[in-house]
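For reference, the chains in residue letters:
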Amino acid sequence: MSVNDHTAFEPLLTEEESRKVIHGPLPPGDYYLFGSDACVEGAVFAGCRYYAGYPITPASEIMEKAAERLPQVGGRFIQMEDEISSACSLIGASWAGAKAMTATSGPGFSLMMEAISFALMSETPFVIVNVQRPGPGQGYITSSQEDVMQARWGHHGGGSLIALAPASVQEMFDFTIEAFNYAEQWRVPVILLADELVAHMREKLTVRPKEGVKIVNRARPQDLGIPFEKFLPYEGMVPPMPAWGDGYRVNVVGLVHHPDGNITKYTPEMHLACVNRIYRKIEDHLDEIAKVEGFFLKGCRHLVVAYGTTTRSAFEAVNELRVKGRSDVGFLRLKTVWPFPENKIRSMVGPLENIFFPEMNLGYMIHPLKEALRDRVKNFIPIPCLGQLHAPEQIIEKVEEVIGKGI
Amino acid sequence: MKHPMLKYLRETGLCGDRFPTIFCPGCGIGQVLNYTLIAVDHIIHKDGISRDRFVFASGVGCSARLTSHYLNFDAIWSLHGRAPAVVTGALLAQPELKAIVFTGDGDAAAIGGNHFIHVCRRNLDMTLICMNNGLYGMTGGQSAPTTPRGTSSTTSPYGNVENAFDLCELAITAGASYVARWTTAHPKQCIQAIEKGIRKKGLAFIEIMTQCPIHWKEDPAKMMKKFLSQAMRLVKGKGKKPPKRDQFWVGEFIDRDQPEWLETYQKIIDRFR
Numbered sequence: 001m002s003v004n005d006h007t008a009f010e011p012l013l014t015e016e017e018s019r020k021v022i023h024g025p026l027p028p029g030d031y032y033l034f035g036s037d038a039c040v041e042g043a044v045f046a047g048c049r050y051y052a053g054y055p056i057t058p059a060s061e062i063m064e065k066a067a068e069r070l071p072q073v074g075g076r077f078i079q080m081e082d083e084i085s086s087a088c089s090l091i092g093a094s095w096a097g098a099k100a101m102t103a104t105s106g107p108g109f110s111l112m113m114e115a116i117s118f119a120l121m122s123e124t125p126f127v128i129v130n131v132q133r134p135g136p137g138q139g140y141i142t143s144s145q146e147d148v149m150q151a152r153w154g155h156h157g158g159g160s161l162i163a164l165a166p167a168s169v170q171e172m173f174d175f176t177i178e179a180f181n182y183a184e185q186w187r188v189p190v191i192l193l194a195d196e197l198v199a200h201m202r203e204k205l206t207v208r209p210k211e212g213v214k215i216v217n218r219a220r221p222q223d224l225g226i227p228f229e230k231f232l233p234y235e236g237m238v239p240p241m242p243a244w245g246d247g248y249r250v251n252v253v254g255l256v257h258h259p260d261g262n263i264t265k266y267t268p269e270m271h272l273a274c275v276n277r278i279y280r281k282i283e284d285h286l287d288e289i290a291k292v293e294g295f296f297l298k299g300c301r302h303l304v305v306a307y308g309t310t311t312r313s314a315f316e317a318v319n320e321l322r323v324k325g326r327s328d329v330g331f332l333r334l335k336t337v338w339p340f341p342e343n344k345i346r347s348m349v350g351p352l353e354n355i356f357f358p359e360m361n362l363g364y365m366i367h368p369l370k371e372a373l374r375d376r377v378k379n380f381i382p383i384p385c386l387g388q389l390h391a392p393e394q395i396i397e398k399v400e401e402v403i404g405k406g407i
Numbered sequence: 001m002k003h004p005m006l007k008y009l010r011e012t013g014l015c016g017d018r019f020p021t022i023f024c025p026g027c028g029i030g031q032v033l034n035y036t037l038i039a040v041d042h043i044i045h046k047d048g049i050s051r052d053r054f055v056f057a058s059g060v061g062c063s064a065r066l067t068s069h070y071l072n073f074d075a076i077w078s079l080h081g082r083a084p085a086v087v088t089g090a091l092l093a094q095p096e097l098k099a100i101v102f103t104g105d106g107d108a109a110a111i112g113g114n115h116f117i118h119v120c121r122r123n124l125d126m127t128l129i130c131m132n133n134g135l136y137g138m139t140g141g142q143s144a145p146t147t148p149r150g151t152s153s154t155t156s157p158y159g160n161v162e163n164a165f166d167l168c169e170l171a172i173t174a175g176a177s178y179v180a181r182w183t184t185a186h187p188k189q190c191i192q193a194i195e196k197g198i199r200k201k202g203l204a205f206i207e208i209m210t211q212c213p214i215h216w217k218e219d220p221a222k223m224m225k226k227f228l229s230q231a232m233r234l235v236k237g238k239g240k241k242p243p244k245r246d247q248f249w250v251g252e253f254i255d256r257d258q259p260e261w262l263e264t265y266q267k268i269i270d271r272f273r
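From first to last, the protein sequence lines are chains A and B. Counting in my numbering, the first sequence runs from 1 upward without gaps. Counting in my numbering, the second sequence runs from 1 upward without gaps.
Bound conformation, chain A alone:
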């Protein structure tokens, strides 16, 4: 152990071994894959070439896979000194032109809030995967959905961001690609709100041919023909973003700024224009961004709502209830949890007797839902579960307790 270690570095992998690995994204086909691995494969597929992280249970497997895969595709992986620097390094990597990612869990996610806030203000795209574990504190190391509010409201100050909640290994792959697409299109940090179960699950993954998968790359001023002298890095709904080294000489700032990055001559009007835009660019485009899926909504009087891994139990419970004769039970699933698509949900759901919301927390997302539907729904009933996924029976039992058994 020495800072003066001059031993020649030799990669611990022979050239013959290196020829056997996949030197690009996963080729099309069917795989039986681990959720964390699917997430990294999705990132590689989307074009992610920078990963920085710090080990934490239950997110370390994503980091380990990234360490293995990124150099294979010409990217770089670094193990940072903490989650603060991991997230901050994404800002630099993103401005240097790379699609960048990290993964963490609760305590590490808390440490990343400062960087998320800076990224919102400086409109820096990157992806943070939060493999949720229970809290508060060190909590436990099983599964949870307790960071769902933190993902949206944990950072200081305003701004709005996007969060997706995958429920399967397939979605760990698909939603990671989607997360990068959102980040690149809207110039925001995007949170993949996974949890311990979906990250540690093994099931089938189908990789489609590259041509069939939408990959978004950020708009760059040079591609739009904007000359250096006329380029305003912070103007327009989503401003084009050059990379450092492109010659645009962008001054990236986290302070309230004018469209050119100038921070002097502060006025309340300039403040409002700056912060309002980074909020509105997301909140005014809910229809484009938010993804909500409805099942059995026609004639439904009782609705079960879920997101992330709980979707699995909830959907099974709804199907079971319907088989048992409760054909008035419908199902709604939030694929994106933030921004919250109030109008979209209202356009899908009519007047209801009851909403049941199983969450792996004490009932968090039920609050924005209540706000959206309080004039149309009589009762909002949370079905909390901590540290583990609800069994479908648990949900069925609660629903039957309230609405009675099917005939």
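What the hints contain is simulated information worked out from the structure, not anything from laboratory work. For each residue, glycine too, the CB sits at the ideal point set by N, CA and C. A hint or two may mislead.
[Claimed, not checked] Listed next, the in silico SDA-like pairs over lysine to any residue satisfying Cα-Cα at most 25 Å (straight line):
(1) LYS267/B - PRO55/A
(2) LYS298/A - CYS274/A
(3) LYS344/A - GLU283/A
(4) LYS20/A - PHE272/B
(5) LYS20/A - THR264/B
(6) LYS267/B - LEU26/A
[Unchecked claim] One-sided and incomplete, this derived list gives chain A residues near chain B with beta-carbon spacing under 8 Å:
(7) PHE9
(8) GLU15
(9) ARG76
(10) ILE91
(11) GLY92
(12) ALA93
(13) ALA96
(14) ALA100
(15) HIS258
(16) TYR266
(17) PRO382
Knowing the structure of chain A, use the given hints to seat chain B on it.
Only chain B this time, still in chain A's reference frame:
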């Protein structure tokens, strides 16, 4: 006559003037900027490196305001203490960049201490310029990890009870390739050190003792003169006598070839080519 370094600054922009700068009269930070830009100008002209390959980063505090919007380069005014981490990401994404980090003593030694240690340990190819004024200037003259023991400040009204940090010793121990300390009263030496630091493969740490006449409540010219009397020149081959109270070593403390992160990692990437 215009200052020759103004070509590297933005006096004005599309949304109006950016000058005058925020710095107080007599502040040493402008001097450090001048020394840095002269060194960068030398690199651009002597080494034929494009101006657009440079990227400047800073954290928060007075020193950080250098990159807030005055530079006519790619730049980021980032998070308090975290500029080394931000630049780590930038270099890994684009190793051709020439990164220069402006930091202060509070930024580098307190809130960014861990990032500072680890960026030195990795010996990433960047130049860290630390303006050490011995206190927190932007927030009003509070104690920093570099404030001398016994000194009073707004947060140590009865005298600072803590020991001061030697950032150069820290950088050497952590593994930086090049470490030097000068003061704002050593313009030539500062320029040479920064130039050398930029050319050096690996991490170059240059600490520049910088006067804050406002919070130390002293005349800036007197402060610079005092720097010259406080600065003990380290001469190679001579025994290192510990400096007396109020004195500090200046000079080039280390200039060595150490394994650099990007170069080492490249061997792994190349294995998959």
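Each hint tested on the structure:
1. LYS267/B - PRO55/A: holds (24 Å)
2. LYS298/A - CYS274/A: Violated, at roughly 43 Å.
3. LYS344/A - GLU283/A: With a Cα-Cα distance of about 12 Å, the restraint between LYS344/A and GLU283/A holds, given a limit of 25 Å.
4. LYS20/A - PHE272/B: Holds: LYS20/A and PHE272/B sit about 10 Å apart, inside 25 Å.
5. LYS20/A - THR264/B: holds (22 Å)
6. LYS267/B - LEU26/A: holds (23 Å)
7. PHE9: holds (5 Å)
8. GLU15: At 7 Å from the nearest chain B Cβ, GLU15/A passes the 8 Å test, so the hint holds.
9. ARG76: holds (4 Å)
10. ILE91: holds (5 Å)
11. GLY92: holds (3 Å)
12. ALA93: The hint holds - ALA93/A has a Cβ within 8 Å of chain B, the shortest such distance being about 3 Å.
13. ALA96: Interface hint status for ALA96/A: holds (4 Å vs cutoff 8 Å).
14. ALA100: At 7 Å from the nearest chain B Cβ, ALA100/A passes the 8 Å test, so the hint holds.
15. HIS258: holds (4 Å)
16. TYR266: violated (12 Å)
17. PRO382: violated (37 Å)
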